[in-house]
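Engineer: These are the residues of each chain, in order.
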Amino acid sequence: MENVTRSGFNRTGAQTSLHTVQNMQAFADEQSPSGPSHIDGVLEGRSIASVRAESVHAAERIGSVPIPTTLTGVLATGLSKLTGHRPEVLVDKLGERLAFERTGVRLYQALIDKAEAVQADVALPFTIGELKHIRDEELEHMHIVTSALEGLGADPTAQTPCADVAGVASSGAMQVLSDPRTTIAQCLETILSVELTDGAGWDLLIRLSGSAGQDDLIKPFSEALAREQVHAQQVKGWLERAVVDDLD
Amino acid sequence: MNLLDHKGVPLDKQGLTWKEMAGQPISKLDDEAFTRVRIILMNGIELDALRLSHIGARMNADLRLPLARVRRIEQHQATAVSWLIGADHSPLETTIAYEQVAIEVTAAVAQQEPDPYLAQVYRFGLLEDFDHLYRYSALLDRMEGKDANNILQGNTDIVPGRPTVDEHRAPEDDLRHPYTAKADLLSKLHATLITAAEYQTHDFYMTIGPTFADPVARQLYAEIASIEEQHVTQYGSLLNPRQSFLELWLLHEAAEVYGYYSCAQSESNPRLRALWERFCDYELGHLHHVCELMKQHERRDPAEVLSRELPAPLPFHSQREFVREVLATEVDLRASGPDFVPVEQENPASIAYRERVNADGSPSTEVAAAYHWTSGTELNRPLARAA
Numbered sequence: 001m002e003n004v005t006r007s008g009f010n011r012t013g014a015q016t017s018l019h020t021v022q023n024m025q026a027f028a029d030e031q032s033p034s035g036p037s038h039i040d041g042v043l044e045g046r047s048i049a050s051v052r053a054e055s056v057h058a059a060e061r062i063g064s065v066p067i068p069t070t071l072t073g074v075l076a077t078g079l080s081k082l083t084g085h086r087p088e089v090l091v092d093k094l095g096e097r098l099a100f101e102r103t104g105v106r107l108y109q110a111l112i113d114k115a116e117a118v119q120a121d122v123a124l125p126f127t128i129g130e131l132k133h134i135r136d137e138e139l140e141h142m143h144i145v146t147s148a149l150e151g152l153g154a155d156p157t158a159q160t161p162c163a164d165v166a167g168v169a170s171s172g173a174m175q176v177l178s179d180p181r182t183t184i185a186q187c188l189e190t191i192l193s194v195e196l197t198d199g200a201g202w203d204l205l206i207r208l209s210g211s212a213g214q215d216d217l218i219k220p221f222s223e224a225l226a227r228e229q230v231h232a233q234q235v236k237g238w239l240e241r242a243v244v245d246d247l248d
Numbered sequence: 001m002n003l004l005d006h007k008g009v010p011l012d013k014q015g016l017t018w019k020e021m022a023g024q025p026i027s028k029l030d031d032e033a034f035t036r037v038r039i040i041l042m043n044g045i046e047l048d049a050l051r052l053s054h055i056g057a058r059m060n061a062d063l064r065l066p067l068a069r070v071r072r073i074e075q076h077q078a079t080a081v082s083w084l085i086g087a088d089h090s091p092l093e094t095t096i097a098y099e100q101v102a103i104e105v106t107a108a109v110a111q112q113e114p115d116p117y118l119a120q121v122y123r124f125g126l127l128e129d130f131d132h133l134y135r136y137s138a139l140l141d142r143m144e145g146k147d148a149n150n151i152l153q154g155n156t157d158i159v160p161g162r163p164t165v166d167e168h169r170a171p172e173d174d175l176r177h178p179y180t181a182k183a184d185l186l187s188k189l190h191a192t193l194i195t196a197a198e199y200q201t202h203d204f205y206m207t208i209g210p211t212f213a214d215p216v217a218r219q220l221y222a223e224i225a226s227i228e229e230q231h232v233t234q235y236g237s238l239l240n241p242r243q244s245f246l247e248l249w250l251l252h253e254a255a256e257v258y259g260y261y262s263c264a265q266s267e268s269n270p271r272l273r274a275l276w277e278r279f280c281d282y283e284l285g286h287l288h289h290v291c292e293l294m295k296q297h298e299r300r301d302p303a304e305v306l307s308r309e310l311p312a313p314l315p316f317h318s319q320r321e322f323v324r325e326v327l328a329t330e331v332d333l334r335a336s337g338p339d340f341v342p343v344e345q346e347n348p349a350s351i352a353y354r355e356r357v358n359a360d361g362s363p364s365t366e367v368a369a370a371y372h373w374t375s376g377t378e379l380n381r382p383l384a385r386a387a
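Protein chains in written order, with my numbering: chain A, 1 to 248; chain B, 1 to 387.
With the rest of the complex left out, here is chain B (with noise of 0.2 Å):
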C-alpha cells in the first residue's frame, strides 16, 4: 500500500453509532485464535493512541483541537474493537489471550526487524511473556478448572520459558538503546505496536488482577503486572527521544494503518475483515490530517518520516518454531543495562532487587509447581484418571 497517495476517509467523513461500537462479538468456541490475536493487539493499539493524544495535548496548545478530534473517533473505534471479545471469556481466559498476542506478534515481529540488536530486544521480551503463558495456563487449569489450549487452538506452546521469578529487574536493567531517526520505518512501526501491546497488557492485568477471589490469583497478577510494566519501560525506550510530538503521533498513525492493512490481509472472518478495512482507511484519514498539521506546524515534509510504501503485512500465524529455537538458545539471556549477557553476568543491583520482591514468595513459581500442560487439563492425565 501506497500511504501518501491513500488518502482514506477524511476525519469529517468517519463515525460510528452506539450499536457499531456494541456490536456482535466474536465466537469464542468457532472464530479462529489469530481473529482474537487481532482484536487485542488492535484494542492495545487504540488504546495507546488515546494515551499518546493525551500526553501530547499536555504539552501542545495548538494542537489541543485537532488531537481532541482524531481522539473521539479513536476511541470509538477502541471500543468497537475492544467490544467484540464475548462475554463468555472469562477474564483469565482473555489473559491467555493477551499472552498468546505477545508471544505471536513478538515473535513475528522479531523476525521482520531489520535491525538485530531490535531484533534481539524482541527475542528477550519474548521468552519471558512465553513464560507468563504457562503460569497463567496452571492458574486457568488449577482454579477454573479449564484447558488453555481451548484459547489457544494449538497454535501456542505451554511451556516454561525465562522463568517469571527471574524477570524481576532493576530499572537501570530495562531500558534499551532507542532506534535512531534514520532507522527503518519498519523499526519505527514494531516499536510503536509492540509497546502499545504491552501496555495495554499491563493495564488489563491492573484492572482485572484486583476482581480475582482466590489469593493465588490476585498474587501472580500482581506479580506479572510488574513485569508488563517493565516490558512497557524496555519497549518505550527503543523509541526515539528526540523526536518531535508531531512526528510520534505521525508515526502512530502509520503504525495503526499498518496494524488494520495487516490485520484485513489475513483475517478469516468476513465481518471482521470489512471492519478491519473501514478503520483501515479511517486510520489513512488521521495520518494524512497528520500529515497536514506537519506540514503547518513543524514546516517539514511528512515523507522525511514516511516512506512511500507500506512494509509487508505484519503475519498472523503460529511461530511455533522460531519461539522453540529462540528458546532453546537464549532463555538463559539476562540484562545488563541496556545490554544482554550470559546469566552469569547480570546486573548486580537486579538480583538484589529480585531477592527483595521475592523474598516473601514466589507466586509465579507456587501456582505452576511442577505443572505439566496436557491436552484436557492436568486432570486428564492418565495416572490422575485412575486416581
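In isolation and in its complexed conformation, chain A is listed as follows (with noise of 0.2 Å):
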C-alpha cells in the first residue's frame, strides 16, 4: 500500500448522509433540555466544572521525587550544593528531560523502521542516515542527564513524577508513529511537536540549572538545546516537503 493519503469515502461526516443527521438533529433539537446556549456567557459544558474542582481540591500528587538513598550520598555530591529552596525542582525536571530523550530514541527509531519499510515506494524527504544521526544525538542527550543526575547523587533510573506526566504526554506520539497506516508525513508532524517540546525543556532546564547553582551543566545543557532546535528546523522542513510533495 503506498505511503499516502487518498481521498475516498469516508463516512464520519453529516453530509455522508445529509438528509438522516438532519432527520437525528430536528429530533434532538425537540427532545434535549432547551437551556440557554451559553450559562453566564461561558461555552456550555460548564455542569462538570464542579465536580473537577472539587477532584482538584481533594487530589493527592501523582507521586514524589526520589531523595538519594543514603546519607553519604547526600554529602559526597552535588545534592547538597544546590541552590534555592526546593532542590527537587531541579531533580524532578532532569528525570522529565532523561525519559523524555529515551523515548525520543524509541519515537525516532520506529520512524526509522517505517521509512526503512518505504523508502522503495516513496521518496523521502530525509535520508535514513539523517534519521539515524539524530537518534543517536537523541541517546547522548540521554546519557548527558543521567550524568548530571549521577554528579547530584540523584537515580537517574527512578521515575519522577514529571517523567511520569511526560510519559502520558508522549503516549499518542508512540502510537502515531507505530502505527503502520500512519504515513511518514503524519509521522513527521508528530515528531515536530515532540522537538519543538524537547526544545522548550532544554530551555527551562538551562535556567533552573542557572538558579540552582548548577552552572557546570549548562554547556552541555546548552549543546543539546542547539542540536535540538537544529533536529526542529529539520523536522519542519521535511514535514513542509512531505505536504508538498504528497500535493503533487
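Okay, derived cross-link-like pairs now, DSS-like style, lysine-lysine, Cα gap no bigger than 30 Å in a straight line:
1. A:Lys219 / A:Lys132
2. B:Lys19 / A:Lys114
3. B:Lys7 / B:Lys182
4. A:Lys114 / A:Lys132
5. B:Lys19 / B:Lys7
6. B:Lys146 / A:Lys236
On the chain B side, residues computed to face chain A include the following (Cβ under 7 Å):
7. Asp30
8. Asn150
9. Gly154
10. Ile158
11. Val159
12. Val216
13. Val367
14. Trp373
Simulated from the structure, these hints should not be mistaken for laboratory data. No residue lacks a Cβ here, since even glycine has one placed at the ideal position from N, Cα and C.
Since each chain sits alone in its own frame, please combine them into the complex, following the hints.
Structural biologist: Here's what the structure looks like:
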C-alpha cells in the first residue's frame, strides 16, 4: 500500500448522510433540554467544572521526587550544593528530560523502521542516515542527563513525577509513530511537536540549572538545546516537503 | 441454514496464526458503523463462550478436556475479532460504539422476539442503553471535543432515554422471568446473545474506566458500569435455570453460529465477510462437537434443543423509528420485581437504593447537564460560534 493518503468514502461526516443527520438533528432539537446555549457567557459543558474542582481540591499528587538513599550520597555530591529552596525541582525536571530523550530514541527508531519499509515506494524528504543521526543524538542527550543526575547523587533509574507525566503526554506520539497505517508526513507532524517540546524543555532546564547554582551543567545542556533546535528545523522542513510532495 | 445438516469445519482442522489473530484493523473513518457493531457483538459472544466454558469446567470433570479444546480456538477467534478495532479509536469512541451495539442490536432483537414478555424486557433495557449513549456523547464532546456521530454515522439518535440516574435498582427488581423449556429457539438465542453483549460491555467499562484521568469520566464509567451489571443480571435471568450445562453450551454454540451467519449476510467489507463465513463454519464444527457430547453424556438428541432451521438472520441496520416509538411510549416504565410498572408504582426498595448511591451527586446528570447534541459538537452551535 502506498504511503500517502487519498480521497475516498469517509463516512464520519454529516454530509455523508445529510438527510439522515438532518432528521437526527431535528429529533435532538425536539428532545433535548432547552437550556441557554451559554451559561453566564461561558461555553456549555461547564456543569462538569464543579466535579473537576472538587476532585482537584481532594487530589493527592502523582508521586514524589526520589531523594538519595544514603546521607553519604547527599554530602559527597552535588545535591547538597544546590541553591534555592526546592532542589527537588531540578531533579524532577532532569528526570523528565531523561525520560523524554529515552522515549525520543524509540520514537525515531519507529520512524526509521517505517521509512526503511517504504523507501522503495515513495520519495522520502530525508535520508535514513539523517534520521539515525538524530536518533543517536537523542541517545547522547539522554546520557548527558543521566550523568547530571549521577553528579547530583540522584538516581537516574527512578521515574520522577514530571517524567511520568511526560510519558503520558508522549504516549499519543508513540501510538502515531508505531501505527503501520500512518504516513511519513503524519509521523513527521507528530515528531515536530515532540521536538518543539523538547527544545522548550532544554531551555527551561538551562535556566533551572543556573538558578540552582549548577553552572557546570549549563554548557552541556546548551549544546543539547542547540542540537534540538537543529532537529526541529530539519523536521519542519521535511514535513513541508512531505506534505507538498503529497500534493504533487 | 440447516443447523443439523451443516457440519462446518471439524475441530481438529481449525486454527489461526498470530498474524491472522492480530490482522488488519477496520478503518474507523471509512468502514460502515455496522461493521464495527458486528465486531463488538461477536467479540462479546466469543468472550462469553470462554466465560461459560470456564464455569462449566469447574463443575464438570468429564467435560474439562473437550471444553479446553473448544475454548482454545474460541479464544483465538475472540482475539481475531477484537483486534479488528483500530488503535485510533479512543476508549471513549469505542464506548460510543458499544452503546450503539446495545441499542441497535437490542432493538432488532426486541422486534424479532416471539415472546411478548421477553420483547418487553429488551425494550426496557434498550431505553437505558439509549440514555447511556446520550451521557457518553456529552462526555466525548465536553472532554475530548469530538462528535459522537463520527462513530454512529447517522444511524442512532443522541437524546435522553430513561435517565441513567433513575436506572439504579434494587437487585430484586433486576431479575426477570426466564424463558421455559418450550420456548422458541430464537428466544433462547436472543437471550444468549444479549446477555453476552451486555457482559462484555460491563467488563469493558470496568477495564477502561480507571484509565481515564478526568474525574468526570471516572465517575461516569463507575456509574454506568453498575447499570451494565444490572443488565447482565436482567438478561442472564432470562436463561432457563433448569437447562443442563450441556444444553447451555449447545445453545451458546448455536448463538455463535447464528451471530456469524447474520454478520456474513449483511457485511459490506469483503475481508470481514470472509472472516464471518470462516468463523461460522468453525462454530458449526463446535456445535456438532457438542451435539456428540450431549448424545454421549446425557443420552439426549440435540434436536430436542435445536430446531433444524436457523432463524432468519439478525438484521444490522438503523432501528431509529422503532427506538423513537419505544422512547415515546415506555420511557416512564419502571421495574417491580420481574414486572414492568408505571413510574408511580416502582418498588420502594429500588427508590431507597437509588437515593443511597446518588447521595453524593449523579455523575450521569452532571456530565450531560443541558447537553443538546449538535452535528459537529455543541461548540458548533450558532451561539457558540458567535462567542
